[in-house]
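Visitor: Residue strings, one per chain:
Protein chains: 2
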Amino acid sequence: MPGMALPHSKARPAAPAARPAINRERLLADLNAVSRIGIGDRGSVTRLVFSVTELRSRQLLVHLMTQAGLKVHVDRIGNIFGRLEGADGPAVLAGSHLDSVVHGGKFDGPVGVIGALEAVRTIKESGVALPCPVEAVCFVGEESSRFGFSTLGSSLVAGQVKMKDLTNAVDARGTKLGEVLAGLGVDGDSLSGLKRDPKTIKAYLELHIEQGPVLEAKGKKIGVVTAIAAPTRLRVIFTGQADHSGTTPMDMRKDALAAAANLIAYVEQAARENASMDKGRVVGTVGAIKVDPGVINAIPGKVELAVDIRSVTGKAKDRVARAVEGRAKEIAAERDMKVDILPIRSEEPVDLDAGLIGVIRDICEEKKIAYEVMPSGAGHDAMQIAKIAPAGMIFIPSKKGISHSPLEWTDPDEICLGAEILLDAMMRVAYGEN
Amino acid sequence: MPGMALPHSKARPAAPAARPAINRERLLADLNAVSRIGIGDRGSVTRLVFSVTELRSRQLLVHLMTQAGLKVHVDRIGNIFGRLEGADGPAVLAGSHLDSVVHGGKFDGPVGVIGALEAVRTIKESGVALPCPVEAVCFVGEESSRFGFSTLGSSLVAGQVKMKDLTNAVDARGTKLGEVLAGLGVDGDSLSGLKRDPKTIKAYLELHIEQGPVLEAKGKKIGVVTAIAAPTRLRVIFTGQADHSGTTPMDMRKDALAAAANLIAYVEQAARENASMDKGRVVGTVGAIKVDPGVINAIPGKVELAVDIRSVTGKAKDRVARAVEGRAKEIAAERDMKVDILPIRSEEPVDLDAGLIGVIRDICEEKKIAYEVMPSGAGHDAMQIAKIAPAGMIFIPSKKGISHSPLEWTDPDEICLGAEILLDAMMRVAYGEN
Numbered sequence: 001m002p003g004m005a006l007p008h009s010k011a012r013p014a015a016p017a018a019r020p021a022i023n024r025e026r027l028l029a030d031l032n033a034v035s036r037i038g039i040g041d042r043g044s045v046t047r048l049v050f051s052v053t054e055l056r057s058r059q060l061l062v063h064l065m066t067q068a069g070l071k072v073h074v075d076r077i078g079n080i081f082g083r084l085e086g087a088d089g090p091a092v093l094a095g096s097h098l099d100s101v102v103h104g105g106k107f108d109g110p111v112g113v114i115g116a117l118e119a120v121r122t123i124k125e126s127g128v129a130l131p132c133p134v135e136a137v138c139f140v141g142e143e144s145s146r147f148g149f150s151t152l153g154s155s156l157v158a159g160q161v162k163m164k165d166l167t168n169a170v171d172a173r174g175t176k177l178g179e180v181l182a183g184l185g186v187d188g189d190s191l192s193g194l195k196r197d198p199k200t201i202k203a204y205l206e207l208h209i210e211q212g213p214v215l216e217a218k219g220k221k222i223g224v225v226t227a228i229a230a231p232t233r234l235r236v237i238f239t240g241q242a243d244h245s246g247t248t249p250m251d252m253r254k255d256a257l258a259a260a261a262n263l264i265a266y267v268e269q270a271a272r273e274n275a276s277m278d279k280g281r282v283v284g285t286v287g288a289i290k291v292d293p294g295v296i297n298a299i300p301g302k303v304e305l306a307v308d309i310r311s312v313t314g315k316a317k318d319r320v321a322r323a324v325e326g327r328a329k330e331i332a333a334e335r336d337m338k339v340d341i342l343p344i345r346s347e348e349p350v351d352l353d354a355g356l357i358g359v360i361r362d363i364c365e366e367k368k369i370a371y372e373v374m375p376s377g378a379g380h381d382a383m384q385i386a387k388i389a390p391a392g393m394i395f396i397p398s399k400k401g402i403s404h405s406p407l408e409w410t411d412p413d414e415i416c417l418g419a420e421i422l423l424d425a426m427m428r429v430a431y432g433e434n
Numbered sequence: 001m002p003g004m005a006l007p008h009s010k011a012r013p014a015a016p017a018a019r020p021a022i023n024r025e026r027l028l029a030d031l032n033a034v035s036r037i038g039i040g041d042r043g044s045v046t047r048l049v050f051s052v053t054e055l056r057s058r059q060l061l062v063h064l065m066t067q068a069g070l071k072v073h074v075d076r077i078g079n080i081f082g083r084l085e086g087a088d089g090p091a092v093l094a095g096s097h098l099d100s101v102v103h104g105g106k107f108d109g110p111v112g113v114i115g116a117l118e119a120v121r122t123i124k125e126s127g128v129a130l131p132c133p134v135e136a137v138c139f140v141g142e143e144s145s146r147f148g149f150s151t152l153g154s155s156l157v158a159g160q161v162k163m164k165d166l167t168n169a170v171d172a173r174g175t176k177l178g179e180v181l182a183g184l185g186v187d188g189d190s191l192s193g194l195k196r197d198p199k200t201i202k203a204y205l206e207l208h209i210e211q212g213p214v215l216e217a218k219g220k221k222i223g224v225v226t227a228i229a230a231p232t233r234l235r236v237i238f239t240g241q242a243d244h245s246g247t248t249p250m251d252m253r254k255d256a257l258a259a260a261a262n263l264i265a266y267v268e269q270a271a272r273e274n275a276s277m278d279k280g281r282v283v284g285t286v287g288a289i290k291v292d293p294g295v296i297n298a299i300p301g302k303v304e305l306a307v308d309i310r311s312v313t314g315k316a317k318d319r320v321a322r323a324v325e326g327r328a329k330e331i332a333a334e335r336d337m338k339v340d341i342l343p344i345r346s347e348e349p350v351d352l353d354a355g356l357i358g359v360i361r362d363i364c365e366e367k368k369i370a371y372e373v374m375p376s377g378a379g380h381d382a383m384q385i386a387k388i389a390p391a392g393m394i395f396i397p398s399k400k401g402i403s404h405s406p407l408e409w410t411d412p413d414e415i416c417l418g419a420e421i422l423l424d425a426m427m428r429v430a431y432g433e434n
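Chains A and B supply the protein sequences, listed in that same order.
The opening residue of the first sequence carries number 1 in the working numbering; numbering runs sequentially from there.
The opening residue of the second sequence carries number 1 in the working numbering; numbering runs sequentially from there.
Keep in mind that the hints were calculated from the coordinates and are not lab data.
Check the hints yourself; a few may be wrong.
Repeated chains share a single entry, so a pair holds when one copy, or any two copies, can fit it.
[As the list claims (entries may be wrong)] Straight-line distance between alpha carbons at most 25 angstroms, and here's what the computed SDA-like set of lysine to any residue pairs gives:
no.	residue 1	residue 2
1	K195	A265
2	K399	M252
3	K302	A217
4	K338	R235
5	K71	E366
6	K176	N297
Remember, it's a predicted structure, so these values are computed and weren't measured experimentally.
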């Protein structure tokens, strides 16, 4: 996506001399209020999309937006837009999501939603005249935990959803997403109309926790996100021969786990060789393995691996995925075994907007904030909105890189710093200062 | 153990000019009758020790022995001895077990028990005068499937059991072996008295299916067993760090599965390097693996491997086990991870009697039967009896090497050939022709 070109306006209000300051106490109090919805064991948070707790968190947000005097619009799937009007033209949007994984943390999503709300209400309170509208946004169903369907709300806004896939998606209890929507009075067929006219969006900004260890390890406060990596996922099944571990000589074995071990080592090696930024910052993981029969006194006859390969460029991802497939076939051939390689999923990485990357970097430079220009290894709503408008992301550190866990943590100072930078970036984009 | 020295007897009966022929139909019919006890899905056989089906199979054997006119003795644990008297001196024993694993095959055990019965009753019918008694034996509980305790009956006969271990052994339902014995009216404390006086045993011979692929692959009919391998079993636990598979760069990972993959590959390599007979015919297997958290989008934080290393010499087994432990520590150190190595079990390999090996080989040579001199990779009752008397084993082929499965198969011709050789070997040993 090229750098953002802003429309020129003759009668635009002038930018104020200084940015208004956010209300730290209010931001942290509202974040806390959200995190109490769906709280459970050891402080874990569970707000699965369309569950009672998730609906309650959205209701709280509508309340907070109304209280702040924003114009609230909830679309048919449940995305929430809290708008502050400006002179004219397309709006600057900022937001994230409120839904969570099972037993997740407090910050994955809400930091970006409440951060955007805090930025917009701070602008409103400051009384500055805006050259264009600004909106705080909450997208529905960013996590895939319930229906195996990620970035649901933002995909609909970006016009990226095949309606049949959506309504047929099923949760762990066998409930179809289409039935859930019908229960809430939503006509699934009407959802394709949710695609938002790109002409109404000047830019989209998302504040999010890193969910990785890089910022903390490098002692940086802010991540300026350049691209969002996407995964290729494969299931690799080696079929050898289950035999007695004592009576089968080494040269008469077809040990499927020994074959799989070679591939696991190769996935790590190939990803390491392509780990640098110029080679696509590839990561490769074998996260799950099934061994049959899986007992100490039997040679494994069948082993199934779940392989996850990600990169910030489709080219690098495909290159490594093809190399892994090739090596799997080689290993099987060397050992006279069968191998099946089943693609689970393959998505395209997304570049974020060069103009917005520049804005965020400039702010960090001016304020002398230690920052890291970096890709996002995880998916976010920004990768959907990037398909219809300039999109940018601001990362704040995750303690020990932990996320999707009750141990997820970011210091309050860092959350507030992230919200301040988000506010600054929204205003610079609104006033065309980038 | 040194070659067997036979006591010299002045008034011993002369050996008959030819061996009496076994009754093939009777042998196969009785084997079939045993295999119908505990038969289930797809022809699988389940006769767990002290289950109703296992007790019925022993009752059938007592009936068959009585019918054959043998003197039947059942000891307190349930081992069965069917004796045909001879002139004097210690007896030549032959036998195996009738209990099975869960969903096992028809031949693992019964071939040796019914084969021995057929040999003894054939000798009886032939009317030859024996220089010493012969006995067909059924040992209780050779399989460890129910109580995790293998070669129960033969260990007691050999005086190799710690009574406390035995009575405290527990099955999957939580029932103690001591309670099972009490239920059957057996006083656990009296079992140490089952140790048989070594002076009463001239030799022990066991006919058994190979449970491995060697004989079939080499086109041999008979395996002359030289030694019984024993396992060293280890649990190896690598502890790294569970992280998000997308957001954690390759150089910031502690992937416990990648570490484990290196060890799995090393176990195979080390065993291959020590696979030759002069290096101890080592086999090494990783049969089971547990990965935590075990999902496609998380780097494995903890992996547990079950390692099984076997050899026909304790020296080779220990050498490879030490090398595997060393490599595990090296891998953990290279990756700045923790590794725990927990010994599960370590047993000593057993050499079989050189004199008996010679007898069985001589028979094959004279009858021009294709045979293989080979070790046993699996454990058998013979390895216990070898501790108090000269012991030998005769293997017959297993189709595709499969055992502990309803697919276990040996051709009837091969079963009958095995029983004929057993009969011949028993008579040669009885008449001191070795």
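Visitor: Taking each numbered hint in turn, which are not upheld by the structure, reported in ascending numerical order?
Guide: 1 and 5
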